[in-house]
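Q: Given next are the chains, with one letter for each unit.
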Amino acid sequence: MSFISYLVNGISLGSVYAIIALGYTMVYGIAKMLNFAHGDVIMVGGYAAFTMMMSMNTSPLVAVLVSIVVCTVLGVLIETIAYRPLLEAASSLAVLITAIGVSYFLQNIVLLTFGSSTKSFQSVVTLPNLKLAGGSLVITSTAIVTILACIVIMIALTLFINKTKPGQAMLAVSEDKGAAQLMGINVNGTIALTFAIGSGLAAIAGVLLCSAYPALTPYTGSMPGIKAFTAAVFGGIGSIPGAMVGGILMGVIEIFAKAYISTQLSDAIVFLILIIVLLVKPTGLFGKNIQEKV
Amino acid sequence: MTVMIEKMKKKTRTNNLINYAIVIAAFAVIQVMKSTGNLSSLLNGLLIPVCSYIILAVSLNLVVGISGELSLGHAGFMSVGAFASAFFSKSMLDAIPFVPLRFGLAIVIGAAAAGVIGVLIGIPVLRLRGDYLAIVTLAFGEIIKNVITIFYIGIDGNGIHVSMKDKMSLHLEEGGNVILNGPQGISGTPKNATFLVGVLLVLITLFIVQNLINSRDGRAIMSIRDNRIAAESIGLNVTKYKLMAFTVSAALAGVAGALYAHNLSSLVASKFDFNLSILALVFVVLGGIGSIRGSIIAAVVLTALPEMLRFLSDYRMLIYAIVLIVMMLLNWSPKALELRERYLGRFFKKTAKEGK
Amino acid sequence: MANMLEVKHLGISFGGLRAVNEFELNIKKGALYGLIGPNGAGKTTVFNLLTGVYKPDSGSIMLDGDDITGKSTIEINKAGVARTFQNIRLFKQLSVLDNVKAGFHNSHKYSMFAGIFHTPSYRRVEAEMDEKAMEILKVFDLDKDASYLAANLPYGEQRKLEIARAMATEPKLLLLDEPAAGMNPNETQALMDMIQFVREHFGMTVLLIEHDMRLVSGICEELTVLNFGRVLAQGRTADVLNDPQVITAYLGE
Numbered sequence: 001m002s003f004i005s006y007l008v009n010g011i012s013l014g015s016v017y018a019i020i021a022l023g024y025t026m027v028y029g030i031a032k033m034l035n036f037a038h039g040d041v042i043m044v045g046g047y048a049a050f051t052m053m054m055s056m057n058t059s060p061l062v063a064v065l066v067s068i069v070v071c072t073v074l075g076v077l078i079e080t081i082a083y084r085p086l087l088e089a090a091s092s093l094a095v096l097i098t099a100i101g102v103s104y105f106l107q108n109i110v111l112l113t114f115g116s117s118t119k120s121f122q123s124v125v126t127l128p129n130l131k132l133a134g135g136s137l138v139i140t141s142t143a144i145v146t147i148l149a150c151i152v153i154m155i156a157l158t159l160f161i162n163k164t165k166p167g168q169a170m171l172a173v174s175e176d177k178g179a180a181q182l183m184g185i186n187v188n189g190t191i192a193l194t195f196a197i198g199s200g201l202a203a204i205a206g207v208l209l210c211s212a213y214p215a216l217t218p219y220t221g222s223m224p225g226i227k228a229f230t231a232a233v234f235g236g237i238g239s240i241p242g243a244m245v246g247g248i249l250m251g252v253i254e255i256f257a258k259a260y261i262s263t264q265l266s267d268a269i270v271f272l273i274l275i276i277v278l279l280v281k282p283t284g285l286f287g288k289n290i291q292e293k294v
Numbered sequence: 001m002t003v004m005i006e007k008m009k010k011k012t013r014t015n016n017l018i019n020y021a022i023v024i025a026a027f028a029v030i031q032v033m034k035s036t037g038n039l040s041s042l043l044n045g046l047l048i049p050v051c052s053y054i055i056l057a058v059s060l061n062l063v064v065g066i067s068g069e070l071s072l073g074h075a076g077f078m079s080v081g082a083f084a085s086a087f088f089s090k091s092m093l094d095a096i097p098f099v100p101l102r103f104g105l106a107i108v109i110g111a112a113a114a115g116v117i118g119v120l121i122g123i124p125v126l127r128l129r130g131d132y133l134a135i136v137t138l139a140f141g142e143i144i145k146n147v148i149t150i151f152y153i154g155i156d157g158n159g160i161h162v163s164m165k166d167k168m169s170l171h172l173e174e175g176g177n178v179i180l181n182g183p184q185g186i187s188g189t190p191k192n193a194t195f196l197v198g199v200l201l202v203l204i205t206l207f208i209v210q211n212l213i214n215s216r217d218g219r220a221i222m223s224i225r226d227n228r229i230a231a232e233s234i235g236l237n238v239t240k241y242k243l244m245a246f247t248v249s250a251a252l253a254g255v256a257g258a259l260y261a262h263n264l265s266s267l268v269a270s271k272f273d274f275n276l277s278i279l280a281l282v283f284v285v286l287g288g289i290g291s292i293r294g295s296i297i298a299a300v301v302l303t304a305l306p307e308m309l310r311f312l313s314d315y316r317m318l319i320y321a322i323v324l325i326v327m328m329l330l331n332w333s334p335k336a337l338e339l340r341e342r343y344l345g346r347f348f349k350k351t352a353k354e355g356k
Numbered sequence: 001m002a003n004m005l006e007v008k009h010l011g012i013s014f015g016g017l018r019a020v021n022e023f024e025l026n027i028k029k030g031a032l033y034g035l036i037g038p039n040g041a042g043k044t045t046v047f048n049l050l051t052g053v054y055k056p057d058s059g060s061i062m063l064d065g066d067d068i069t070g071k072s073t074i075e076i077n078k079a080g081v082a083r084t085f086q087n088i089r090l091f092k093q094l095s096v097l098d099n100v101k102a103g104f105h106n107s108h109k110y111s112m113f114a115g116i117f118h119t120p121s122y123r124r125v126e127a128e129m130d131e132k133a134m135e136i137l138k139v140f141d142l143d144k145d146a147s148y149l150a151a152n153l154p155y156g157e158q159r160k161l162e163i164a165r166a167m168a169t170e171p172k173l174l175l176l177d178e179p180a181a182g183m184n185p186n187e188t189q190a191l192m193d194m195i196q197f198v199r200e201h202f203g204m205t206v207l208l209i210e211h212d213m214r215l216v217s218g219i220c221e222e223l224t225v226l227n228f229g230r231v232l233a234q235g236r237t238a239d240v241l242n243d244p245q246v247i248t249a250y251l252g253e
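Sequence order for the protein chains is V, U and P.
Under the working numbering, think of the first position of the first sequence as 1, with each following residue one higher.
Under the working numbering, think of the first position of the second sequence as 1, with each following residue one higher.
Under the working numbering, think of the first position of the third sequence as 1, with each following residue one higher.
Derived from the structure by calculation, the hints contain no laboratory data.
Since no wrong hints were added, every one of them can be taken at face value.
In silico lysine-lysine, BS3-like type, Cα no more than 27 Å apart, as pairs:
1) V:K258 with V:K119
2) V:K288 with V:K163
3) P:K92 with U:K240
4) U:K167 with U:K191
5) P:K132 with U:K9
6) U:K335 with V:K177
7) P:K8 with V:K293
8) P:K132 with P:K92
9) V:K293 with P:K92
10) P:K78 with P:K132
11) P:K109 with U:K11
12) V:K293 with P:K55
13) U:K240 with P:K109
Whole structure, please, built from the sequences with the hints as guidance.
A: Spelled out as structure tokens, the structure:
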């Protein structure tokens, strides 16, 4: 019984990682940058929902919607102000460091606004928990909603990218910016759209993460951010199914490692498996192996 | 023709000498401030950490700037150096009472331990490219941090005892000494580090890195960075030289760790986390990728900045973040560079070129 | 005279495409040999096979009597093959001088310790490298630019620097991939003279890929024409260029 419960928890945590990883992977695919502030956008999403529910007494649904709007706007602002001027910079590290600056900025602005004390987040899922096998197996409604949300997002995103014009534009820009521009695609607009979607997803991830692990601080987003980023690489960065599979595997491995091996070593185990996967398959599970033309 | 070569060599030599001179001059100024009582205790407390950050930044620049690979786990090597050296110092406290010898050995051991870990990690990992390499170094940094946290090591009359559970299960006999205490790390390391030692270690680091860059090996490392395929076509062993840069860099990060550890009475593994690795990278990139002088200056400025911004109290880290973003935009954005060239033309052009 | 290079039945496929098939080539010691063919004929692929960038599926490559089939790029360079690239590959952030000195890496050695402590052996070997590098640069009229960054050289000079770097490895066989691409007729003529000079004074065998048949006919004694990955014609330059098959391949039906 406990095995199943761990598995469900793992998939649920993994679903959160997957949603965050989608943001990393989409942005990487299109702008070829590692957006280190992505984890902090999650945290902002958490605070936005928290404020709506606690101070404004809105319903959880409204809180989630507001949180999505806040993060989407934030994502686009960050991209326009801090990243866009550097996308053509001489070294791709420049924008990486700026992203770190943005990460510090978000953490500290939230710290100044809300203080450093831990906020106790109330789950946005108010449904009763699922009790199976005569009560010996409890699956929280939050876990179920998280997994469902992840599946819905995955399907919606795949449809969006393959069936809509803006989605096709994204593919084109990620393939070849110059050629896309020549074909009349608004490259800057497409990049902004990618950040908007990634950040909106981050809001959802933030709310779901805080619903399952209710302690909210200005640093809540950092570690899940790093792990989701690793998950994106694990699956093959730039690949959407890769981010999904990578995220879920990451969550399951982490929960199992905590349950069966060692709580302290769980992160080390997750990272060790990542390393082994990359050594066997150097571009991740779903990554394309592009050979340099000589 | 030899005149031209002599000129080139002289330019490099002068460039290197300026770096030594900057460090020595800074040391002299600080000493004067110290003796005249003009050095705040806060800044005084930063002197040794700044030295170890400079060493860390310069060592990371060897990987990022000279070898052209992104490492996001450099704090891990610093951690290995710190713990190995502190472990040695604490267990040899009575056996080697002569401080310069013990501390000197501790630094060498810190460097060697970090270098060995560098080789062990580098061999499998350096086959990966670009962002995949970066993520694996990140992962190793986290693993090192985690693994150090779970070990308990003690020494008594029967030798060394190791446990992964807790202090009690070491079963030390009377008079035994717990050296590494799990998450609490190592406490009671002798505080042997002084500013003078720190500056000397910075100078040694500069000597090693600058001379390595200007040698046959350095040329090979930079050739591989600039064009791997061409480098192979003239017979350069890519793996060997990537590993060389990585290992030397790891060993120097170990030196930074040893210095750092002997300035604190208690050493915990969680200090050497992802944020520290990133901080080192910020020094390197902000100072100019590949520019040793830039790394030194950025390490000093960015370590001192939060202290200098202390009057802003709660706002200081926010301002720090904004300063970082703005500096990056001004230093790297093609538009900003163009404007700078147009209006401040000659002055900046010169420095920009040297930065490369 | 013995052959410097003997290639038999060489072939490679990418996916389903047979990029090079049953390729044969014999080059005499000291020859200046041309490999020509239309775009996409597989010329550069042959170079990549000869230098170990790709491993052949079939066939054998003998260099001066040694079997180098399937060896790595590094081993093949050490065995005596050096090359240039169609899309220039210099060490852009290094000086012109250092680009050439990098080529001396395996022939001029000192330890890492010597390099860090600038021991007498470091000074001696570096001085030797400087001298030899300047000698080669002089051949290509690049000696005055020795202190420039390679990235700052004009295009034509970059091509020449690539040849200089390849020569620094003291190869038996020098492979030049479209060395005159992007040069005007005067520059091209000057370059061809340099290549002639290099062959005579350094005793190298040269195999060059060229697109422009007229240019090749001026300096190469023998030619191989490649089309769709196969040898279309092979032999003395004049004979090959008059081969009706070759004319068709170039001009179309």
